[in-house]
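A.B. asks: Can you join these two chains into the complex? Each is in its own frame, and there are hints to help.
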Amino acid sequence: MCRVLAYLGEPVDLEALLYRTDCSLLHQVYEPQLMSFLNLAGFGMMAWDERSVAPELPFVYKTSQVPVFDRNLRSLSGKLRPTSLIAHIRGVTHSDREVVAQTNLHPFHWGNAPVALAQNGTLSAFGAMRYDLLPFIRPEVARNIEGTTDTEWVYALVLSQLPAGVANPTLEHYERALVGALERIREARVRRGIADCSGLNLVASDGRCLIATRFTFDYGWYKDDLPSPAQRFDFVSLWFTVGGAYCKVDDEWVMAGGDRDSSLLISSEPLTADASTWLEVPEYSMLTAWTEDGGLRVRTQDLDL
Amino acid sequence: MTLPPHLRERHPARARIEAVLAATPVFRGLDDAELAEVAGLAEPFDLPAGEVLFRQGERAEQLYVLEAGLMDVVARLPGNREMLLSRVGAGDVLGELSLVVGGPRTASARAIEGTRGLLISQEAFSRLRMGLRPAGAAVMRRLGRLVCARLRSRAEALGGRTAEAAEPDALGDARPLPPGDLDHLARLDFFRGFGRRLPELASRGARLDVERGTVLVGAGQRPDRFVVTLRGAVETTVEHGETRQRIRLAGPGRAPTYLGLLDDAPSPVACRAREAAHLFTLSPADFTELIDGHDQLARAFIDAVTEDLVGYLVQAERRQARIVAAQKAPPARTSESA
Numbered sequence: 001m002c003r004v005l006a007y008l009g010e011p012v013d014l015e016a017l018l019y020r021t022d023c024s025l026l027h028q029v030y031e032p033q034l035m036s037f038l039n040l041a042g043f044g045m046m047a048w049d050e051r052s053v054a055p056e057l058p059f060v061y062k063t064s065q066v067p068v069f070d071r072n073l074r075s076l077s078g079k080l081r082p083t084s085l086i087a088h089i090r091g092v093t094h095s096d097r098e099v100v101a102q103t104n105l106h107p108f109h110w111g112n113a114p115v116a117l118a119q120n121g122t123l124s125a126f127g128a129m130r131y132d133l134l135p136f137i138r139p140e141v142a143r144n145i146e147g148t149t150d151t152e153w154v155y156a157l158v159l160s161q162l163p164a165g166v167a168n169p170t171l172e173h174y175e176r177a178l179v180g181a182l183e184r185i186r187e188a189r190v191r192r193g194i195a196d197c198s199g200l201n202l203v204a205s206d207g208r209c210l211i212a213t214r215f216t217f218d219y220g221w222y223k224d225d226l227p228s229p230a231q232r233f234d235f236v237s238l239w240f241t242v243g244g245a246y247c248k249v250d251d252e253w254v255m256a257g258g259d260r261d262s263s264l265l266i267s268s269e270p271l272t273a274d275a276s277t278w279l280e281v282p283e284y285s286m287l288t289a290w291t292e293d294g295g296l297r298v299r300t301q302d303l304d305l
Numbered sequence: 001m002t003l004p005p006h007l008r009e010r011h012p013a014r015a016r017i018e019a020v021l022a023a024t025p026v027f028r029g030l031d032d033a034e035l036a037e038v039a040g041l042a043e044p045f046d047l048p049a050g051e052v053l054f055r056q057g058e059r060a061e062q063l064y065v066l067e068a069g070l071m072d073v074v075a076r077l078p079g080n081r082e083m084l085l086s087r088v089g090a091g092d093v094l095g096e097l098s099l100v101v102g103g104p105r106t107a108s109a110r111a112i113e114g115t116r117g118l119l120i121s122q123e124a125f126s127r128l129r130m131g132l133r134p135a136g137a138a139v140m141r142r143l144g145r146l147v148c149a150r151l152r153s154r155a156e157a158l159g160g161r162t163a164e165a166a167e168p169d170a171l172g173d174a175r176p177l178p179p180g181d182l183d184h185l186a187r188l189d190f191f192r193g194f195g196r197r198l199p200e201l202a203s204r205g206a207r208l209d210v211e212r213g214t215v216l217v218g219a220g221q222r223p224d225r226f227v228v229t230l231r232g233a234v235e236t237t238v239e240h241g242e243t244r245q246r247i248r249l250a251g252p253g254r255a256p257t258y259l260g261l262l263d264d265a266p267s268p269v270a271c272r273a274r275e276a277a278h279l280f281t282l283s284p285a286d287f288t289e290l291i292d293g294h295d296q297l298a299r300a301f302i303d304a305v306t307e308d309l310v311g312y313l314v315q316a317e318r319r320q321a322r323i324v325a326a327q328k329a330p331p332a333r334t335s336e337s338a
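The listed protein sequences correspond, in order, to chains A and B. Using the numbering used here, read the first sequence as starting at 1 and increasing by one per residue. Using the numbering used here, read the second sequence as starting at 1 and increasing by one per residue.
Pulled out of the complex, with its shape left as it was, chain B reads as follows (with noise of 0.2 Å):
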């Protein structure tokens, strides 16, 4: 959706924009230049008290930094019903999932009062991390924690736990990679943008084999490694008491174990093999180093990395209006935009 010319603001200056963009999560922490590649992309928006500025179903196309105002973002459930995701204002994002895929609105925006920011478009962002640009895999990095944020909030408001650790089954030895399975990786989703350096990746990861049942990490647990599913499938549940909610099911070419290694906290999801599996694996170090770098691989799999989390997150958040449709109760409100 771009937004008709009457709701646009005159443009600011560079330094506010800087400044607006400096504040919120997605883009703290972005170096100067970093942070004025960015502000080259943003356009300034300004949305009058019960405008929506974009619906649920819209294609996703911008990302909204609010700097002043508040909204309320709403997922519709069936039966005429809304489930109130969030109450947002000056320093949330809004949207920014949509810098990483372009599907439909998982939810949508309401100004609960007039509301002024910045908006990013997607095609913008496309072309800086198309360009190898320093500040796309800087943002790309980010947005990963922050969607990881957002899974544990939901998967907590599910009811997953913490606090008491359930101990994960003892895993038999990874082995190197079988050379027969790059030709495997290279059909699957998270390994398609590596290009020449699939074999690099291949090189430092290694092959897990799984029977059925096996627990990979236990919630509680920190996980020991990060696993992305080659042959069969890992679900990643919330388990509370006698029930289990699925959250993922990881199949070919999806990883499950983010919780807890990329936010550095105990998993409040547990990770078990729903299917018997052949697991590529890397080291957390590994993980850490790749999350962390700036050359072509690391890229390359910060991006895989952010794409699977933000499938993962859509995910999750379908279980989540599922069950509480289910309820029929009042939603309650989570702590997270949408």
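This is chain A alone, in the form it adopts within the complex (with noise of 0.2 Å):
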């Protein structure tokens, strides 16, 4: 459930990530080809542009209506040309215990936090587990809990497992924070005898970087929720393509190249269903992406908790 768009590089055509293309995040709300469900709980995203105002702040959008019909989505995405950008439409299961609410849009972003972050994946009996994370998060980052999703839950988590009083983290603190986070989750899990799938598809940006996992707990695991017969026993999906630039060639959105590497986009899914300039980030794994010296660097690693 839920579908998630990431991207880092040269100034992006949002219209095309979020509408142009057959498989584009927003047609994903209702045809998402990697899963048969509907993704109707809302719409968030957050966007920074190096040449905007204050550029180290996102812009951010949210939406708790069906984003397909929001005249003004589609009209501000037609003027941004965002250099990094978190996406998220929310899928929850069609059910009237479900919250579908502004406060549980993703992606997340706080105050002065350093970094924002959205999720695709649902943590099993997260009511559950919930209040054994608290002794893990600082007291001033759990009073802005609002909502009742888990992954708001996370987001506290990752960002009390930042260093304190460090204004500006590096990749290696947030990726230890993410890990960081993912353990603590498995700690809790252990404790309340949680074994079924999970899985925890993270993304994190500040803008400079993006950080990605590809992360399940206890995969293949499913005790009272079996998959229907139509359903997968999949790894929950995500993609990445890496290039020179996001644009149309021979009437077709691909990664073009160039000289060398500068744009990343991470999905859930690719946003085009010829996926043959789409590559799988491994299961397992965390995907760090940053931009140096003019060039965009990635790296993959284990996730062997």
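Please keep in mind that the hints were generated in silico from the structure rather than gathered at the bench. None of these values were measured; they are calculated from a predicted model. All C-beta atoms, glycine included, are put in the ideal place defined by N, C-alpha and C. Everything hinted at is true.
With a straight-line cut-off of 25 Å between C-alpha atoms, the simulated DMTMM-like cross-links for lysine to aspartate or glutamate are:
1) A:248 with B:51
2) A:223 with B:211
3) A:223 with B:189
4) A:223 with B:181
5) A:223 with B:183
6) A:248 with B:58
Quick list of simulated restraints, FRET-style, between CB atoms:
7) B:240 with A:249: 33 to 43 Å
8) A:292 with B:167: 41 to 51 Å
9) A:297 with B:293: 49 to 59 Å
10) B:296 with A:65: 51 to 61 Å
11) B:293 with A:172: 49 to 59 Å
12) B:167 with A:183: 29 to 39 Å
13) A:134 with B:183: 38 to 48 Å
C.D. replies: See the structure below:
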């Protein structure tokens, strides 16, 4: 459930990412290719632009409505060319127990926090373990929690794993914070005897770097909630493509080449039905991208938690 | 893709078709009756130099047997780059996986010289399979072995080793499959095609429970059993030095131990439980008997193995593409086709 999209690199046509391709993010609201689910619980995005006023702060747009009907979003996306982005469409079970509200929309970013975060996946039995995480969340962070979604708690956990008092965390700080958050969740699951398959693909950005995990706790284990025969037992998907710039070449949107890599797109699923220029982020891994010496650097590491 | 009329050759004699088919790895070894059945499905094609036979991403609907000519098989990479997978000619087969799964093409094929040959559509081949014709099972069995050979080639291209054998862990005792597992089996991809014959298959197998980290097959070893994951996950890795590249994550309904079992040679990959796992296991003798068998249980087994192997190959090729893309160097050619 949910779909996430993230970008880092040259100024990019936001409307193309959200609308123009045959499997664009907004298309995935009603017709995702790699899962059978309607993602109807809202949309959120944070976009950074190095040329904007206060470039370290993201532009934020969120709506708890079904975003394909949102004329403002369509209009805005046609005017924006961000250099970094996290965008997310929220999918929840089709039940009256779910809370569809602004406070549950990703990405999460509080006040002066250095990083924003979105998630694709669900923590099984989160209600049972939620308060076991509290000792690992700093009080000044915990008091920002407003909503009911597991992601907001994961975000609070990630912020609390960052070294206190450091205004500009390094890549390694971010990586350790994400891994630390996953470890705390793993411990809480063990303590509560939770061993159901729970995908947790996280995407974090501060506008200058992008870090994504493709990770599932207890992959392949289903107790009370077996997937239906029509569903798959697949690992939660995450794809990426890297190159010079995301643009239209010969009538198709692709990551075009260049002298060196300078742009990266990460997405729950390829943005085009022809996925031939997209690569899978490996399972149980963390992908980190940053700019350095005018180019883009990417590394992946195994998450053996 | 259906070839336009001007690229279709006038229908050649049936004897020539059978001779061309018999010379290819997929159809070699079929008896006369089986070969005649397959030949009845084949249509000729003729492609000038420079023309594209199929493009990556297109829906795969035909297998092509090359009788003469030369073609390049290339996979696209991000950033306008390409990975040359192979150069193929007379006697080679392209797109054979499309007979099993109709997903998107994983590579493009372009004629370097004028090329002619035969095509067989997935639709026609499906009719053969659905009719439970012997030729359908025979071709599926051949396809399984071909995919296995290609997997071995991919693993070795990524540095998989067979020279030094690494010992697997001592595994606990397998036990009869609990009756409650039958319902679970029926929901998993590997077992969906067995229908009423699933209890018979289950009675020949056993269940083995392993802890996370258990090595089922060491690189350089031959697997001592066939395994399908029921719960949890088993990863298949190519290992060289300190690095370990995963080429398959076999979650529920997927099998990790084909290499070394289906092709009777040391495995170039290691298999390790990435999560604690419940496994369905078959002895090598039962595996071989089913693969070589002709009854309905054997046919369902051959179909399940071949379809799963194709998924394994697709996953391994994606891994290879990612590794080549990360290297940013001119990709190495491999000796097999896409």
